[in-house]
Amino acid sequence: MKNKKDTIISIALVSPSIIAVLIFVYGFIAWSMRVSFSAWKGLLPDYTWVGLKNYIELFKDPRFQIDIRNTLIFTGLFVGGCLLVGLVLAILLDQGLRGESFFRSLFLFPMAISFIVTGVVWRWLMNPAQGSRLSGLNLLFDNLGLDFLINLWHTTPQWGIAAIALPAVWQMSGYTMALYLGGLRSVSESLREAARIDGASEIQIYRYIILPLLRPVTLSALIILGHISLKVFDLIIATAGKQVALDVPSIYMWTTTFDGNFFGRGAAIGILILLSVAVLVVPYLYFTLRQEEQA
Amino acid sequence: MEASIRSRSRYWLYVPLLLMTAFYLLPIYVMLATGFKPFAEVSLKTMWDLPTRFSFENFVEAYNALAPNLWNSIRLVIPGAIISSMLGSVNGYILAKWKFRGADIIFPLILFGMFIPYQSVLIPLVLFMKTIGMYGGISGLMLTHIIYGIPITTLTFRNYYASLPTELIEAAKMDGAGIFGIYWNILLPLSVPSFVVVLIWQFTQSWNDFLFAVVLTNNKNWPLTVALNNLAGSQIIEWNVQMAASFLAAVPTLLVYIFLGRYFLRGLLSGSLKG
Numbered sequence: 001m002k003n004k005k006d007t008i009i010s011i012a013l014v015s016p017s018i019i020a021v022l023i024f025v026y027g028f029i030a031w032s033m034r035v036s037f038s039a040w041k042g043l044l045p046d047y048t049w050v051g052l053k054n055y056i057e058l059f060k061d062p063r064f065q066i067d068i069r070n071t072l073i074f075t076g077l078f079v080g081g082c083l084l085v086g087l088v089l090a091i092l093l094d095q096g097l098r099g100e101s102f103f104r105s106l107f108l109f110p111m112a113i114s115f116i117v118t119g120v121v122w123r124w125l126m127n128p129a130q131g132s133r134l135s136g137l138n139l140l141f142d143n144l145g146l147d148f149l150i151n152l153w154h155t156t157p158q159w160g161i162a163a164i165a166l167p168a169v170w171q172m173s174g175y176t177m178a179l180y181l182g183g184l185r186s187v188s189e190s191l192r193e194a195a196r197i198d199g200a201s202e203i204q205i206y207r208y209i210i211l212p213l214l215r216p217v218t219l220s221a222l223i224i225l226g227h228i229s230l231k232v233f234d235l236i237i238a239t240a241g242k243q244v245a246l247d248v249p250s251i252y253m254w255t256t257t258f259d260g261n262f263f264g265r266g267a268a269i270g271i272l273i274l275l276s277v278a279v280l281v282v283p284y285l286y287f288t289l290r291q292e293e294q295a
Numbered sequence: 296m297e298a299s300i301r302s303r304s305r306y307w308l309y310v311p312l313l314l315m316t317a318f319y320l321l322p323i324y325v326m327l328a329t330g331f332k333p334f335a336e337v338s339l340k341t342m343w344d345l346p347t348r349f350s351f352e353n354f355v356e357a358y359n360a361l362a363p364n365l366w367n368s369i370r371l372v373i374p375g376a377i378i379s380s381m382l383g384s385v386n387g388y389i390l391a392k393w394k395f396r397g398a399d400i401i402f403p404l405i406l407f408g409m410f411i412p413y414q415s416v417l418i419p420l421v422l423f424m425k426t427i428g429m430y431g432g433i434s435g436l437m438l439t440h441i442i443y444g445i446p447i448t449t450l451t452f453r454n455y456y457a458s459l460p461t462e463l464i465e466a467a468k469m470d471g472a473g474i475f476g477i478y479w480n481i482l483l484p485l486s487v488p489s490f491v492v493v494l495i496w497q498f499t500q501s502w503n504d505f506l507f508a509v510v511l512t513n514n515k516n517w518p519l520t521v522a523l524n525n526l527a528g529s530q531i532i533e534w535n536v537q538m539a540a541s542f543l544a545a546v547p548t549l550l551v552y553i554f555l556g557r558y559f560l561r562g563l564l565s566g567s568l569k570g
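Protein chains in written order, with our numbering: chain A, 1 to 295; chain B, 296 to 570.
Take these hints with a grain of salt, some might be off.
[As the list claims (entries may be wrong)] Among chain B residues calculated to face chain A with C-beta under 10 Å, some are: (1) VAL325; (2) ALA398; (3) PHE407; (4) VAL421; (5) ILE445; (6) ASP504; (7) GLN537.
[What the hints assert, rightly or not] Calculated lysine-lysine pairs in the DSSO-like style (CA-CA distance at most 27 Å, straight line): (8) B:LYS515 / A:LYS242; (9) B:LYS394 / A:LYS41; (10) A:LYS4 / B:LYS394; (11) B:LYS425 / A:LYS5; (12) A:LYS60 / A:LYS242; (13) B:LYS515 / B:LYS394; (14) A:LYS41 / A:LYS242; (15) B:LYS468 / A:LYS4; (16) B:LYS392 / B:LYS468; (17) A:LYS41 / A:LYS53; (18) A:LYS4 / B:LYS425; (19) A:LYS5 / B:LYS394; (20) A:LYS242 / A:LYS53; (21) B:LYS392 / A:LYS5.
Worth flagging that the hints you see were computed from the coordinates, not collected in a lab.
Even glycine gets a Cβ: it sits at the ideal position worked out from N, Cα and C.
Let the hints inform the model, and build the full structure from the sequences given.
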């Protein structure tokens, strides 16, 4: 049924977008790689080939080691926190309680807000001032008699980055809940009913039937949250500004490139973030699209 | 008997739900309680107290500080979202209903663009914008959002059009409709929900973006997020004004969420390739 003219028209219609993506995604990644292999340090472009020098220096750099440590701590807490809170909320909301849609909307609204807004507000909620200058959540803990919870938040030595996971979980756990809720809704009622007739308790039904069925959802959530946490940037900047103790690769990339004009190193960091994300996303995309084709 | 125990114990489920409600509302409470306090009542010590009388001083001051940036954001986001959704619709139409050879290879290549960390393209992007003379301004930032929005907008429309029966297209072809006629007369009128999804998705994304804006615009053209972050980092602006300013920056996307939440969620889930 298709004629040549239609094929030409259809290619002509999508080609501007395809070319734009080819240039802005693939072309620019290639260009970044080229810069990462160069000695470019300073305002003027310098494409002198230095091979892997920027990468090797980076891995010896104590600041980058802090970045890797911070990313690991943040990712663990953020992803773990979102999965746990999201799953618990989804199971609670799956009980057919009154007001379910209200709670669902409420838990999801932080997704509509910018990380910058979240960061600015949590900056004051997590005000680390102690003693008579207590404020924010610490003051609330004090008022509620929960003094043992009072802490230094993101100014805690060594572990400050852990505090940033709190606003991040605040922002993204509702989204995780929505993913799980979608999964729970696809578990058929007849399956649950059959298990009940066989004498399974509600807890057993979740433990042995529903949770295993939710594994694919957990995998998707893990990948989406994981790739967000590998590039976390604005939330830290807005909560705490640029501090070495809370440094992560994306902030290092930003400061070394645009404040320090060390383009070679900045590009190398960008490529490393890309590789870490690609390890997660490429297999995921591959399997999801293949599944879609089979369906 | 057992049923009644089950239903009574169900009330306990509200305890964790209400605790979590408090957790999610905490920041909103502080933003509003602080924002509506008169200057005289503002103090970090009384952060959790409600205002004794309503005052708009904080919001007025925040608006005065951010008004130009608010307008920058609006000028950036509205045309950007419209262009993005039109592009996505055309791409989705072709990739769903006029597959040419290679279309199945191109689609995942486009999709990957959705997941890349933008740090890996930032340096070429800045150099490119400088070369074509769009660095510093709003149009360059808008172009950036449009291009990096192509994957998600194309995906959303493609999935939607793919779900429409092919017979619809075949029948129209029999009646002599061409590639444009089918799009204009049949698919476009059916695409309103997808347009809403994509429009609010792109609106929210570019409204909330910080990374592109901070590297691509000069301070005259800063959108709201960059100005807000700058304001929060300064020692001169009081924290209460920061709270009011944060609320102002959050209001447009919150309103979209409150009134069009269903569509917002659809966009969100298609970002995970589901739905």
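Taking the hints in turn, this is what the structure says about them:
| no. | hint | in the structure |
| --- | --- | --- |
| 1 | VAL325 | 6 Å, holds |
| 2 | ALA398 | 8 Å, holds |
| 3 | PHE407 | 6 Å, holds |
| 4 | VAL421 | 8 Å, holds |
| 5 | ILE445 | 5 Å, holds |
| 6 | ASP504 | 8 Å, holds |
| 7 | GLN537 | 6 Å, holds |
| 8 | B:LYS515 / A:LYS242 | 23 Å, holds |
| 9 | B:LYS394 / A:LYS41 | 46 Å, violated |
| 10 | A:LYS4 / B:LYS394 | 13 Å, holds |
| 11 | B:LYS425 / A:LYS5 | 39 Å, violated |
| 12 | A:LYS60 / A:LYS242 | 21 Å, holds |
| 13 | B:LYS515 / B:LYS394 | 45 Å, violated |
| 14 | A:LYS41 / A:LYS242 | 21 Å, holds |
| 15 | B:LYS468 / A:LYS4 | 15 Å, holds |
| 16 | B:LYS392 / B:LYS468 | 12 Å, holds |
| 17 | A:LYS41 / A:LYS53 | 13 Å, holds |
| 18 | A:LYS4 / B:LYS425 | 40 Å, violated |
| 19 | A:LYS5 / B:LYS394 | 13 Å, holds |
| 20 | A:LYS242 / A:LYS53 | 26 Å, holds |
| 21 | B:LYS392 / A:LYS5 | 15 Å, holds |
Consistency with the previously given hints fails for numbers 9, 11, 13 and 18, ordered from lowest to highest.
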